Amino acid sequence: MTATLETPTEVRTLPMAKALNEGLRAAMAADDTVLLLGEDIGRLGGVFRVTDGLQAEFGLDRVVDTPLGESGIIGTAIGLAMRGYRPVCEIQFDGFVYPAFDQIVSQLAKLHARSQGRVRMPVVIRIPYGGGIGAVEHHSESPESYFVHTAGLKVVSCASSADAHVMIQQAIASDDPVVFFEPKRRYWDKGPLNLASSEVTETLWQARVVKPGTDLTLLAYGPMVRTCVEAAGASEHSLEVVDLRSLSPLDMTTILASVRKTGRCVVVHEAGANLGMGAELSARLSEELFYEMEAPVLRVTGFDIPYPPARIEEHHLPGLDRVLEAVDRSLAF
Amino acid sequence: MTATLETPTEVRTLPMAKALNEGLRAAMAADDTVLLLGEDIGRLGGVFRVTDGLQAEFGLDRVVDTPLGESGIIGTAIGLAMRGYRPVCEIQFDGFVYPAFDQIVSQLAKLHARSQGRVRMPVVIRIPYGGGIGAVEHHSESPESYFVHTAGLKVVSCASSADAHVMIQQAIASDDPVVFFEPKRRYWDKGPLNLASSEVTETLWQARVVKPGTDLTLLAYGPMVRTCVEAAGASEHSLEVVDLRSLSPLDMTTILASVRKTGRCVVVHEAGANLGMGAELSARLSEELFYEMEAPVLRVTGFDIPYPPARIEEHHLPGLDRVLEAVDRSLAF
Amino acid sequence: MTQTAQDDQDQDAQPGTAPPIDPALPPDPSLVQLLSHEGTRLHHPDYEADFTRDELRAFYRDLVLVRRIDAEGTALQRQGELGLWAPLLGQEAAQVGAGHALAATDMVFPTYREHGIAFVKDVDPVLLLGMFRGVEHGGWDPADKGFGLYAIVLGAQVLHAVGYAMGVVRDVARGIAEPSAVLACFGDGATSQGDVNEAFVWAGAQPSPVVFFCQNNQWGISTPTVSQSRTPLYHRAEGFGFPGVRVDGNDVLATYAVVRDALAKARRGEGPTLIEAYTYRVGPHTTSDDPTRYRDSGELQHWKERDPIDRLRLFIERDGHADQAFFDEVDAEADTLAARIRAGCLALPDPDPLGVFDDVFVEQTEDLKRQQDAYARYLEGFEDGS
Amino acid sequence: MTQTAQDDQDQDAQPGTAPPIDPALPPDPSLVQLLSHEGTRLHHPDYEADFTRDELRAFYRDLVLVRRIDAEGTALQRQGELGLWAPLLGQEAAQVGAGHALAATDMVFPTYREHGIAFVKDVDPVLLLGMFRGVEHGGWDPADKGFGLYAIVLGAQVLHAVGYAMGVVRDVARGIAEPSAVLACFGDGATSQGDVNEAFVWAGAQPSPVVFFCQNNQWGISTPTVSQSRTPLYHRAEGFGFPGVRVDGNDVLATYAVVRDALAKARRGEGPTLIEAYTYRVGPHTTSDDPTRYRDSGELQHWKERDPIDRLRLFIERDGHADQAFFDEVDAEADTLAARIRAGCLALPDPDPLGVFDDVFVEQTEDLKRQQDAYARYLEGFEDGS
Ligand SMILES: Cc1ncc(C[n+]2csc(CCOP(=O)(O)OP(=O)(O)O)c2C)c(N)n1
Ligand SMILES: Cc1ncc(C[n+]2csc(CCOP(=O)(O)OP(=O)(O)O)c2C)c(N)n1
Ligand SMILES: [Mg+2]
Ligand SMILES: [Mg+2]
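Residue numbers (my numbering), protein chains in the order written: chain A, 1 to 333; chain B, 334 to 666; chain C, 667 to 1052; chain D, 1053 to 1438.
Isolated chain A (complex conformation):
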């Protein structure tokens, strides 16, 4: 998946949802065993149109409008994987993944270990997640911690069209189960990507410095990457923004290199603070860089409340101002 291949480049500017669509199309074209399962993903093309046109192209057997039951979607995907398929499941919205939790945590995550490595589970679970779209309850959640805490799962999130296009293909190529978080409020953000030969050089498990800086490291993923890049642009300080990309495993090499350099770190996510990703990152950074840290890792997160009504979600979601306020607090140490 590097850019060194001698293939014609075809650079286009696409919204993230369309980039995912192209990534799925490429994966399905490349491998007959890739198939999609989900609610309303066929004829409708998914409520966000991420699977638009794929049923027409690949047929009813490979793009399956399932009955409305998330446990059924993941449970049957596991069976399909046992039979040699590579199912990609769409959960319509973040808040609807919980009925499938048992199948994910007790089956999908554990089958490889249970079988002492004999059974493989190349299953991808795509979850449009996060807030900021003015939705009703259950449509704006950030449930990544549940999956990151679950041994046996890998968890990633894309933040740009180019990454969306490549990462979904890498996730499908993974022989381990991957929970793939798509920042739904960035679905319409446009970005360049190369449909023919990717310029993304990272593996699926690597973080990326998206904006270099020297004074402080902003760690973010998914929807908050753009927020942090904007904050870095607005700040008078030199802020380095790292897009984690992979939440489990964490790319500690890249993360430590950045924070070792800056000595300060603010983690930003929409999920609540209590056992959100910031907790793990803070713990690891203090374990690894105890003497190098100039300030404690600070966390800018959603509050520890059920996601609030849309009219006040902008208070709940970390924005530019709250990020910059935390930067100031960190620099004051």
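Simulated from the structure, these hints should not be mistaken for laboratory data.
Source: prediction; values computed, not measured.
Any given hint might turn out to be false.
[Stated by the list, open to error] Simulated crosslink set (DSS-like; lysine-lysine; CA at most 27 Å straight-line):
{"#": "1", "chain 1": "C", "residue 1": "K1035", "chain 2": "B", "residue 2": "K594"}
{"#": "2", "chain 1": "D", "residue 1": "K1197", "chain 2": "D", "residue 2": "K1356"}
{"#": "3", "chain 1": "D", "residue 1": "K1317", "chain 2": "A", "residue 2": "K261"}
{"#": "4", "chain 1": "A", "residue 1": "K261", "chain 2": "A", "residue 2": "K211"}
Add chains B, C and D with the ligands to chain A, keeping to what the hints say.
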């Protein structure tokens, strides 16, 4: 729930399972609206006999052997709570709570907020948890992080017979939903308790220093409290052991007081490190005591693997030696 | 509930996963009807019912008002006053019929589309708008009118209904309440969820005073009912040990009679019933949805000819139960109601960003108090500064 | 699967939540039987079958061997060599019958009690012991013999079976496999789980080559089947759009015939069948369980008279299909097998505490590698030190 009441004392030494049984009996006798739901809790008295004799005493309407479905247990408990009851649900083993995850996370935890405070959910979910009993898969898990991360739930764990007896009654008296973790390998540990008037002076949300010390703080809960007390006894250093008792909310007053004094902290739990309780505690301690800490918070935990086969579970579970090794590492900073 | 991406690409029709229900098929002979779609009064041996003039007028009035509430919801969304609306257009008879069958002490567990039952249960329609406007997740007290909060996660509320019914049984046994019944609402799509089936298990194993009210509106977003089940949904009940019945959900009289009968049985301790109200979602799934992507206009036409209001009006007119003055009066009432809803919607207060911290727990935690205080200070900082 | 507390308190019988099934009740007339419990050959219009002498002997042999495997499991647990055992005592015919009905390319998704099907499917019984000894969670490759790993979380595997069957359909469509069928095993208690019912939904909506094989052994730990459902379990199928049948699970011939028929239908593309094998769990739920706390000995006696092995032996003897030498031979074979299992059990290697880190992922993460290395160093520290 303080010892100041002028009631006759009746001190007995009981195993934790029996102490819970007595606590449930007292709560049911005191309030007609308390009822128990679960699999095999009636005639059999539960697979650990925690509900032994309660169906005979309180009848079929109040101790309900449900059909075998955890989502059904929690879902109907929510409906019962809406009708004015205080259901106490038993999940037979930790690994079987996940089918109920949607009802817990999307309903039980959110209904009070959804209704702007109009609907109350005085539901207790009892979960025998943790390893060390030589069991087959799914019978030794420590899923507390999932619930601690969920806004709208309160999460506690008892570590002694006296606490078991009082805390279960306090949990039932709570108007908020409480996930009540019972350390199953300590069910047979005996301890004194006062059936008539409790000597437990803490609220349900308070931590307790169970062994004072000056050099380092061991933070633990549930099954690991005994392990830590034993480690403290075996150590040449003066270790303070704090039983968290409440995992959400965390009693930061007690925790900070201890670590401020010792300057060093090791967190011990059976759950995996990655987004286990140790992560949150580490993050908070470095936020609050950045200049006071002499060493990073270290974590002694289960590995980030699916719970292993019983014959090697003693490797996975934090034991005396691993705790003491971490203490040494901390003191070496 | 679904926010569909705004989509302006026109695409050729794509193959569906299953043939859409053929609206030309003869209806199941077991479908209970008391009013043909031409407005003729039919009779059914199991559901004999006489309706007074006042009852018929009350049905008609509520059908019209409910349709107007719904139209106002859609209009308010189109004008940007609501983030979303889930129209019930076409399902008025199913809901008004069920609503009228309920006793005051009966309890309803709705989905997100139960505006009609809510109205009959006397929940102020303005309150229904709150969640769609994004000012709250649920704006009424379920205990007030016996009408639960709207439920979005498919099927979850059906278990709550069974639990509530278990509570009723216990209250009656304790001598603190008279028998009452519970109406558990859900859609055709939700029948595929584990929770709905566990609810059937529970209610069947310990027979409970619950009536399962499934509005089969033929679609779950873009998924036709036949993709959930190849056998009629009301058949599901028998295998769980209780009866199922299919009623014409566009026939307010039949729905009323069938639901009333099932509720009475439930109250008498004769256990649950599954009612499949066979109807049609004339509008989009929500205002975010574009049904032209997945269903054709012929189907729509078929169902418009079976409109629930038209047929009752035909019957009322033909049998002389009301004159033009009555119909005009109802229309005027609808206008007034619509105006009140619109004004009420605009007057709905925005939530207090600090208030949300108060409603997480009955007993607020210190953790949350700290976050609330910190955020209050943060907001004050802005007021002081710029 | 359940570790029950060691309990030595004797208690008076307590009221159950539901009356236990009355074993004196006449059996459902729709119960398929080909062999009465007195060993008389019966006939059934839908399941005509002739059995050769060799077939009958093979059934008998497997029944005896399977019972012996099970007895050995219990014995090994009593002697502390296993942490737990889940006895199938009483269910041998259901399992041997189903096992013989399977084609080599058919796939089985078992619970934790399918020792009999495993044996017929040629899974080495020693491997079955690994998980109960605590040396592993699953000791065979499901692809090897077409027999999945034991599944403990009730019902989860039933969805896997349906998904696998969906894969078979696609393989056949792609021309890379011949039609085959999938057997999904579960107990009476598990029918209450959402997953089992969602599996019914899926299989019914897109008819799949799966046979749902429910062994109703009358109990789920202490919970009688009637607490799960007041209507026979096989009735459940029809409401999901496929047929259900109840077979005498203690009749190996009938179970064989009914399962074979259903598998053949599935392979022909005629969709799923739910088979309720009506049988009895003669032993405890597991070796940790004490059934005297919740059921009475009369019930046990009733079922012992319906023993699946006795009736086949009576039939074989009466019709002269085998002589004493054959029976002696089978007993000797059972002794040999038992000795081999015992020796195999003791020889099962303990797992490598560092090996578990290797099997979490196909592509190990650096995080996990770090933990593995750190723990290796920690262990080395002990070897060096004390
Ligand atoms: C658990 C869950 N999964 C998915 C969704 C997304 N969703 C909202 S409504 C809907 C279709 C529901 O169809 P049906 O039950 O027939 O009810 P209708 O909308 O037709 O009234 C879906 C899939 C959800 N709300 N909950
Ligand atoms: C999801 C889940 N909940 C609870 C349990 C605990 N449990 C193990 S076996 C069992 C009873 C199962 O009964 P049944 O399905 O009839 O199977 P049987 O054991 O009788 O073969 C229970 C409740 C479990 N294994 N999984
Ligand atoms: Mg519908
Ligand atoms: Mg059973």
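Now the hints, each set against the structure:
1. C/K1035 to B/K594: holds, 25 Å
2. D/K1197 to D/K1356: violated, 32 Å
3. D/K1317 to A/K261: violated, 67 Å
4. A/K261 to A/K211: holds, 14 Å
Checked against the numbered hints given earlier, this structure breaks hints 2, 3; the rest are met.
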